[in-house]
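Asker: The chain contents come next:
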Amino acid sequence: MPGISREEVAHLARLARLELKDEELDHFAGQLDDIIGAVATVSDVADEDVPPTSHPLPLTNVMRPDDVRPSLTPEQALSGAPAQEQQRFKVPQILGED
Amino acid sequence: MADLTRLTAAETAELIASGGVTAVEVTEAHLARIDAVDEKVHAFLYVDREGALAKAREVDEKRARGERLGPLAGVPVAVKDLFTTEGVTTTVGSKILEGWVPQYDATVVRKLKEADLVILGKTNMDEFAMGSSTENSAYGPTGNPWDLTRVPGGSGGGSSAAITAYEAPLAIGTDTGGSIRQPAAVTGTVGVKPTYGGVSRYGMVAFSSSLDQGGPCARTVLDAALLHSVIAGHDEMDSTSIDQPVPDVVAAARNGDVKGLRVGVVKEFRGEGYQAGVLQRVDETVELLRELGAEVVEVSCPSFTKALAAYYLIAPSECSSNLARFDAMRYGLRVGDDGTRSAEEVTALTREAGFGDEVKRRVMLGTYALSSGYYDAYYGSAQKVRTLITRDFERAFGEVDVLVSPTTPTTAFPIGERADDPMAMYLADLCTIPSNLAGNAAMSVPCGLAPEDGLPVGLQIIAPAMADDRLYRVGAALEAAHQARWGHPLLEEAPSL
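Protein sequences appear in the order of chains A and B. Reminder that position 33 of the first sequence reads as 33 in UniProt numbering, one-by-one numbering, no gaps. Reminder that position 354 of the second sequence reads as 354 in UniProt numbering, one-by-one numbering, no gaps.
Hints are not guaranteed to be accurate.
Here are the computed lysine-lysine pairs in the DSS-like style, where the Cα-Cα straight-line distance is at most 27 Å [said to hold, decoys possible]:
{"hint": "1", "chain 1": "B", "residue 1": "Lys360", "chain 2": "A", "residue 2": "Lys21"}
{"hint": "2", "chain 1": "B", "residue 1": "Lys360", "chain 2": "B", "residue 2": "Lys95"}
{"hint": "3", "chain 1": "A", "residue 1": "Lys90", "chain 2": "B", "residue 2": "Lys95"}
{"hint": "4", "chain 1": "B", "residue 1": "Lys113", "chain 2": "B", "residue 2": "Lys62"}
{"hint": "5", "chain 1": "B", "residue 1": "Lys40", "chain 2": "B", "residue 2": "Lys95"}
{"hint": "6", "chain 1": "A", "residue 1": "Lys21", "chain 2": "B", "residue 2": "Lys95"}
{"hint": "7", "chain 1": "B", "residue 1": "Lys62", "chain 2": "B", "residue 2": "Lys111"}
None of these hints come from the bench; they were simulated from the model.
Go ahead and model the full structure; you've got the sequences and the hints to work with.
Answerer: The following block contains the structure:
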């Protein structure tokens, strides 16, 4: 298993939408390397003939009748939003200038 | 009148029902206790004084009108700050939700209200339930009432500390890798992780959805059972909720008896890294089970040695996905929205400012484990280990009725001791994790004080899924036998605050 570099942590942080500071990259690179080294031992026992279990219960799609029920009002749904306008969530620009 | 905060929940409920005391008096006594000690303990993030007193008045009025009330009516309860509470701040121990006020109640909270319990407030926790010490709370650590310089366990340290410090007789916790049982062990209290799906997860802020389970924290086995029976049961709001009758845990707790019960001692949970005094107390408790008439055998569960590794791939993977919802758009903190930055940049700046170290570590670990090229080696292998652990349990439960082990390898460690060493911190949940991976039921009950440091030791009892009543049967038998031996409940040996 490969070790995890500072550059790799920076890449992971971008994927995970975390704007890490430089000192955090060094800090986390060492720690993540240690943790990944320790957890990589799972592959020692994971033979091909062992089926994976993703959940303790067999998951089934649960459907309910498509009835109209009371739900949150727009005001309630928006009440925790950092910014709102005209009964909508107001977000920063999502498209770049180029 | 005796100190109302020292009564068990069962005693309090009986006293209220008989008219010996009002719910308001009980609530006021607990609020006064919180005022007196919580500055030192820091079990609570938020105390809902007015809400608690209003509910207590309502209970007293119902009783005066002769209405039929539930078995815990008027009894105070503290709720981990991971459950949404309508109109009451919910932070999950994180800066990213500071000041957030939910618009709805978690199902567990709704059930507490319907059963007329009095919710005192929200308890401290490791941020997003990630941690084993409650040091990762963005609002500062909780102290262990046995020794305030030590951790109360985690992530539900606030809930266990609140009941240990007599600030509440009951509390609600959540257990993803041991966050109810591990704090119970190191505070000398009772903590139960019900069968996965036995208690609704609706309104619990999700960390790792296939592992998270809410459950009761209490000072006695019977109190835990009474609370368990209030919060358990099928919920159509949670698609992972089990639609089967809840086992009669209260009857089991009232009739603790282990005669003829087959008990398996998990061989893999001892050895290097285990404190001598912890093993000594656990061994004595196993001997006690034998004296009480149980048949004790050693059981081997070889895959349990890989449980910690599998957990630290599965839980971070699920958390990296679950925590994507904290994007600074719909609720919570927003940082860097100065009109020049894109939504993506604002999200990254907000998550950097709003998440603590452990959350960032796990989000990145999960992102790594799920990334293309590594998925099979890490996440896929971890899910196979989960299968092996489930098989180990099935094999073991073919031979025995319950399994036992230490709940934690050591007693409570000093605050700060493991803060910079994530792997050392993760070891605190070594014995509790297999039950989360397999979804079965488990409990921690006190089994004495470690001779070397005088701190509480917990015994873990594990039962098959939907056999939660077996935990209570064993726990109640042990509690009665231990207290007969000690002459009093273990908590009476804790220093006064």
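Asker: So, for every hint listed, does it hold in this structure?
Answerer: How the hints compare with the structure:
Pair hint lysine 360 of chain B plus lysine 21 of chain A holds up; C-alpha atoms about 12 Å apart against a cutoff of 27 Å. With a CA separation close to 13 Å, the supplied pair lysine 360 of chain B and lysine 95 of chain B stays within the 27 Å bound. With a C-alpha separation of about 21 Å, the suggested pairing of lysine 90 of chain A with lysine 95 of chain B holds against the 27 Å cut-off. Taking the CA atoms of lysine 113 of chain B and lysine 62 of chain B, the gap is about 14 Å. The hint holds against a cut of 27 Å.
Only pairs whose Cα atoms come within 27 Å are accepted, and lysine 40 of chain B paired with lysine 95 of chain B is accepted, the gap being roughly 22 Å. A hinted pair counts as satisfied when its Cα atoms are at most 27 Å apart, and lysine 21 of chain A with lysine 95 of chain B qualifies at roughly 18 Å. For the suggested pair lysine 62 of chain B and lysine 111 of chain B, the alpha carbons sit about 17 Å apart, so the restraint of at most 27 Å is met.
In summary, the structure agrees with every hint in the numbered list given earlier.
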